Structure formats: structure tokens, C-alpha cells
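There are 2 protein chains.
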Amino acid sequence: MAHVIPDFYAVIPAGGIGSRLWPLSRADAPKFLHDLTGSGHSLLRDTWDRLEPLAGPDRIAVVTGRAHRAAVEGELPGIADANVFLESEPRESAAAIGLAAAILHRRDPEVIIGSFSADHVIRGTQVFEWAVQQAVQVARQGYIVTIGIPPTEPSVGFGYIKKADEIVVDGAPEAALVERFVEKPDLDTAKEYLADRSYLWNAGMFIAKASVLLEELAANEPELHAGLVELAAAWDDRDLRGPAVDRIWPRLKKIAIDYAVAEPAAERGRLAVIPGHFDWDDVGDFASLTKLITHGRKNDLAVLGPKARVLTDAASGILVSQTSRVISLVGVKDIVVVDTEDALLVTTVEHAQRVKGVVESLKVTGRGDVL
Amino acid sequence: MAHVIPDFYAVIPAGGIGSRLWPLSRADAPKFLHDLTGSGHSLLRDTWDRLEPLAGPDRIAVVTGRAHRAAVEGELPGIADANVFLESEPRESAAAIGLAAAILHRRDPEVIIGSFSADHVIRGTQVFEWAVQQAVQVARQGYIVTIGIPPTEPSVGFGYIKKADEIVVDGAPEAALVERFVEKPDLDTAKEYLADRSYLWNAGMFIAKASVLLEELAANEPELHAGLVELAAAWDDRDLRGPAVDRIWPRLKKIAIDYAVAEPAAERGRLAVIPGHFDWDDVGDFASLTKLITHGRKNDLAVLGPKARVLTDAASGILVSQTSRVISLVGVKDIVVVDTEDALLVTTVEHAQRVKGVVESLKVTGRGDVL
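First to last, the protein sequences are chains F and S. Position 282, counted from 1, in the first sequence is what UniProt numbering calls 282; the numbers after and before it change by one each time, with no gaps. Position 245, counted from 1, in the second sequence is what UniProt numbering calls 245; the numbers after and before it change by one each time, with no gaps.
Treat the hints with care, as some may be off.
It does not matter which identical chain is used: a pair holds within one copy or between any two.
Derived lysine-lysine pairs resembling DSS-like cross-links, with alpha carbons at most 30 angstroms apart [as the list claims (entries may be wrong)]:
#	residue 1	residue 2
1	356	298
2	191	254
3	253	298
4	298	333
5	333	356
6	162	333
7	184	291
8	253	356
9	333	184
10	333	253
11	333	291
12	363	191
13	254	333
14	253	191
15	162	291
16	291	191
17	291	254
18	253	291
19	254	298
20	162	363
21	184	356
No wet-lab data here; the hints were simulated from the structure. Because the structure is a prediction, the values reported are computed rather than measured.
Please take these sequences and the hints and turn them into a complete structure.
If you want it as C-alpha cells, here you go:
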């Protein structure tokens, strides 16, 4: 069991819908509210349970949309009111994590925050805790720290982090500097990265002193920083918060934290990385969900859905069933079938990435009622 | 336009469910009640419309199950009460067609009947009529006459009829004797048949004097014949029909008319054939339905369903939609998706024949509620 880290605060941005998992994930039922692993809990709840031993139940904040407040509080009965940070509309990760940093920094200028996505899957609790403990040690030295996952295959679905020299920090034997971030590569490049061993998957985890993160944001995105600081100043005053959100939030720049903070910090030698030796997946599409549930067994059919009444014959891939209909899959290989009350998707594991395009087409063609 | 043939009576056996088209076709919505061609009419109605110019509206009988009476009368508002022959349970085609022959023979000993399936698709009205007119001419000479379809491809899904010598009948220049019936062949054999030109597809159409058909039945299946004659004697008496059906019908032998009448008649040189130069398909499974709707264009997606809200991207095959759900097919080739309120089937054109096995499995596993 991990000991609670006293100056640590966990932040869970719970914002993305998970468009590539449509029609399972949608605006009113985003990915983080689903149980995609059969654990019996939502991904959000699993994330909370993973962080509670490190931060304690009173020091985990969730940044989410107003529409999801009730669902989030339902999943996390232990969350304090003051730890639910509501966005009036989505403004991407720099605004979401930056808001949490600004609020928590106001409450405690020395706080170290760690941001962890609400909808990733992690297996291996102890090694996860060990990675976070190391990251916090390095963050205390003024670094922004990310946790990178040593690749186990030449994935073209993730971004990569290139490690540079090791840095010597007590209690963080695996710490290294980050040379640069790399966008999703092609397959040949991914194979080189796998062989090279100095490339890690970018799992979107950031640990830093709130003050350091805000400094970096101020240097790179001064307007965004100013807006967030102004918002944070009003936040803990009941009367001021609402008007401040309405005035400031819609004007904040939409930018990913990778671009607003992490990449510039890497260039300045201020970004460190700890390798995370746990199983990690962002479950970005039905291909990765299939792999996750079948444990990579190619001929298996993964079935997700408690009410599923299924009859299959020589089928493989994934079936997600949210209705009580009888479903029969006959002779279909690597198939993806997602059966919900008002929408049905049939595709293949190979084409799983194209589901996002479907969602965009539905928007354009006026069928947004099922998004 | 054809002239009505005065001594001709059309018989439409409307019995089969069409299990290979599950979950579109089912016990309470058999294939013949569906519009599979986009004509705006059920296959049953199309069959009626094809026969009416030849027989006249008062001389078309339908043999169907009690459960389908209302649906049949709904589709065929012009049908006379006396022309609806209700089976208390299915007993296969020899009993169904034999019953019609026995009843109509009692009403008119000289009648020539022609039996045509309720759920086949035919294109080419004039050539159809010309084939029936020739068949009636040959039937007047005491033959049992079938209409065979010249193959256009080496089909392994149909039975075949091997032609023998021509026979000389006035008004029937294409008449020939039948040497034998052949069960569904393998592909190599089907290719030989296609090249040979003396093999025709067995389209299950029989034209004969009712008296001749009954004689043949008496010779081959005397018990079945006796039961049908007894039933026919009671049929047109309101008080007698019900008890006679209850007593006799359930004990009648289940046998196809091909075995009970046509094959033995062929051996005795009493079976003739007229080639039918029209497009014909029994639409036995989703592969043939796909071909029918796409006119064989391999890269097309056939969509059947007035309420379909469909979004596809590089998909081919067939989608049958009976719900108002949004359906998205992405990158799936030669797919078969059948979306109904209580059951969903996903298979491929290649595996279409295996759908019947699904239906049997559903029976066995206690999910007969969706059959």
C-alpha cells in the first residue's frame, strides 16, 4: 500500500466524449462513465480508486462539463464539493488542467498536482504508484514530469516521448530528461522507436508543482494564463464564480496541454519523464477495446453488455450490446458491432479509427440526436 | 395483354417462412408478405398480379396457414372467400397443392391448375405469360408440365431439370419431355449443366389437369391421395369442413410435390417442361436478395427499409432496416445486416446459407420468441 503523499493533489480531467467509440460513447454518456474492462466500475471510478491511495480522498479534483456533474458525483460519492471543477463548455486540456492548477495553487501555493485522464485503462497498481512517487520527487525539484510507457509493440495510435539524459534525483532512480515529443508515427518509424528503447508512449500524465506549471503556461500562453488566474481568484467565492466563468471561460484559447506546456518545457530542459512499467491503454477506439478485452487473442469475440443475448458462429472481434435484442453474428471476422437503442454501428477492427469521421458526418447531416 | 384462359385455375401455395431470411422473415411475418424488390407490394401480391391476367381474379386460390389468413386477405382484397384454402398446420407442398387440386377438381373435373410459389421474384411479364400459355396447351394433352428456367450462371443453390426429347403440341413450340430431376449440384457439375444447355432450373411451377395430378398422386402416395379426396368432399360444406380438417390434415404425409408427383411422372414420360425465358429467383437467402437488389453490382450496398437512416462509408452487401435507428456501416464488404426491433443479424453474403442454422439454434436454446 502506498502512503498518501501530503503535498500532492490529483486532478482528473473528465472531458472527452470518446468519439471513436460512438455509439457507445456519446455526449450524454462519455467514455469515462462506461465500464469498458468488465471491472464493474466506470473508467472514472477506476481512475479515482487508483489515485486515492496516493492523494487521499479529499485531495482528488475532477474537471468536467456541467452536464456531467450528477453522473460524476454519482460515480464518486466520496468527492468533496470543492473538488468538482465545472466547465461551462469544453475548452481542451490546457484550460482544464490549467484551471485546476490555478485554483489549487491559490489554495496552497506549494501544492504538487498530478493530472491523469479519466478514461484510460491501467493494470498494475503498485508499479503505477511507484511511478507517481518518483514523479513527485522529481516535480519537487521544479521539473514538469510526465510518465511515459515503454512500448510493447510498434503502435501507430499513440504519440511518443524521446528520453534524453538521466537526471539524478533522490527517490527517483529512473528519472530522465525529455528531448522532445513526437506525433503518432507511421509503422516503420514506430518499429524503429520500439527497437530504440529511448522512446516511450505519451500517456498524457503530468506531475508538477502548480506554480511551475502556471509559470510555463504564462511564458507560452500569457492570455490563457491570465484568464485562468482571474478565474481562480473568483472561484472559491460563491457569488463571484458564476459570473467569472460566464465572462472568462468561453474566451479561453482551445489548446492541448502538450503544446501549451509540455513541448515548450521540453525545449527548455524543464520536462522530465519517469517510465511507467504498467499496462496502459487509452482505449481510443474499438480496435484497442477489442484487444483489451480479448487480451489480444485474435480469434475471440469480445462481448460487452450485461443484457446481451448473443448467438455466434465463427465470429471474432467485438460486440457491444446495450439492448435486450437477440444478436446473431455468423462468420464475420474482426467485426465491430455496437448495438444501442437508437444507433447501430457495424465496422471492422481495421477501420475502427474511421468511426470519428462517422460522428462528424452525423453532425453535418443533421442526425446529431444520436451523438 | 394475355387473354384469360377459361379452363385455368391458378394456385398459390403460401406456406414457407423463409428461414434463411431470418430475422426479416419469421413465423408471423413470412417471406411472402414482404416487399423484397422495392415494388411497393409484397411478393404474394406480385404473384397475384402476375396470374390475374391469365386466370382472372375469381380463379386464383391461395393455400396458406390459418395464422396468415388475415394478412393474405389484406394483401389480396380481390380474393374470393372460397379461394382461400386454410391449412391447420404446415404439411409441405404435396399436401398443399394436392388439397387445391382435389377441391378444384371436385368443383370442375376438367380444370387445369397451375401452381406458383407465393415468394418468388419474376421479371418479364409477357414471357411469363407465354410460358404459362404453352404449359396449359401441353397440360391439355394429359401431361404434368413444369416451367424450367434456362440457367444464366452455374448456380449451386437451385435444383435442375434435365430436358429430353421435344414433344409436338400445337401452341407450345418449346415443349419437351423431362428426363429427370437433379438435386442442387456442386460447382463443377453446375458449370457442366450451364454449358450443356439441356438443364434448366427447377422453379417449382407445375401446370396440369387436376385429374392428372391426382391420378399421379394416387399412384405414388395412395394414402395421401385418399385423405385429400376425403377432405375435398367435405370442403365446400360449412359444417363438415372443420371436423374433416381436424381429423385428416394432421395425419397427412409430409412430402414435397417434387417427390410425390413430379419425379415419378418424369420416370413414366408424363412430365413435360416449357423453358421460361424470364428473370426468376426464389430469393432463398440474403446472398440472392443482395444480388437481386444490386443487380449483381458487387460494390453496391442494397438498402431495404423505408425508415432507414443510414450512413455508410465504403460498405457493400445488404442492409435491411426495420427500425428507425441510425445505422452506420464503415468499411464492411459483402456484409449482411438485418436490423429488426427484437433481433439483429450480422453476417456476410458468403455465409448467407448458414442463417437457417441460426434459426435452428435459437429454437433449441429457448429463444424462439424472435423466430
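Right, here's what the structure says about each hint:
no., hint, verdict
1, 356 x 298, "both (24 angstroms within a copy, 27 angstroms between copies)"
2, 191 x 254, "neither (33 angstroms within a copy, 65 angstroms between copies)"
3, 253 x 298, "neither (43 angstroms within a copy, 48 angstroms between copies)"
4, 298 x 333, "both (9 angstroms within a copy, 20 angstroms between copies)"
5, 333 x 356, "both (22 angstroms within a copy, 19 angstroms between copies)"
6, 162 x 333, "neither (37 angstroms within a copy, 40 angstroms between copies)"
7, 184 x 291, "within (19 angstroms within a copy, 42 angstroms between copies)"
8, 253 x 356, "within (23 angstroms within a copy, 58 angstroms between copies)"
9, 333 x 184, "both (27 angstroms within a copy, 28 angstroms between copies)"
10, 333 x 253, "neither (44 angstroms within a copy, 42 angstroms between copies)"
11, 333 x 291, "both (14 angstroms within a copy, 22 angstroms between copies)"
12, 363 x 191, "neither (36 angstroms within a copy, 50 angstroms between copies)"
13, 254 x 333, "neither (40 angstroms within a copy, 39 angstroms between copies)"
14, 253 x 191, "neither (35 angstroms within a copy, 68 angstroms between copies)"
15, 162 x 291, "within (26 angstroms within a copy, 54 angstroms between copies)"
16, 291 x 191, "within (19 angstroms within a copy, 43 angstroms between copies)"
17, 291 x 254, "neither (32 angstroms within a copy, 50 angstroms between copies)"
18, 253 x 291, "neither (36 angstroms within a copy, 53 angstroms between copies)"
19, 254 x 298, "neither (39 angstroms within a copy, 45 angstroms between copies)"
20, 162 x 363, "neither (37 angstroms within a copy, 58 angstroms between copies)"
21, 184 x 356, "within (17 angstroms within a copy, 46 angstroms between copies)"
When each numbered hint is compared with the structure, violations occur for hints 2, 3, 6, 10, 12, 13, 14, 17, 18, 19 and 20.
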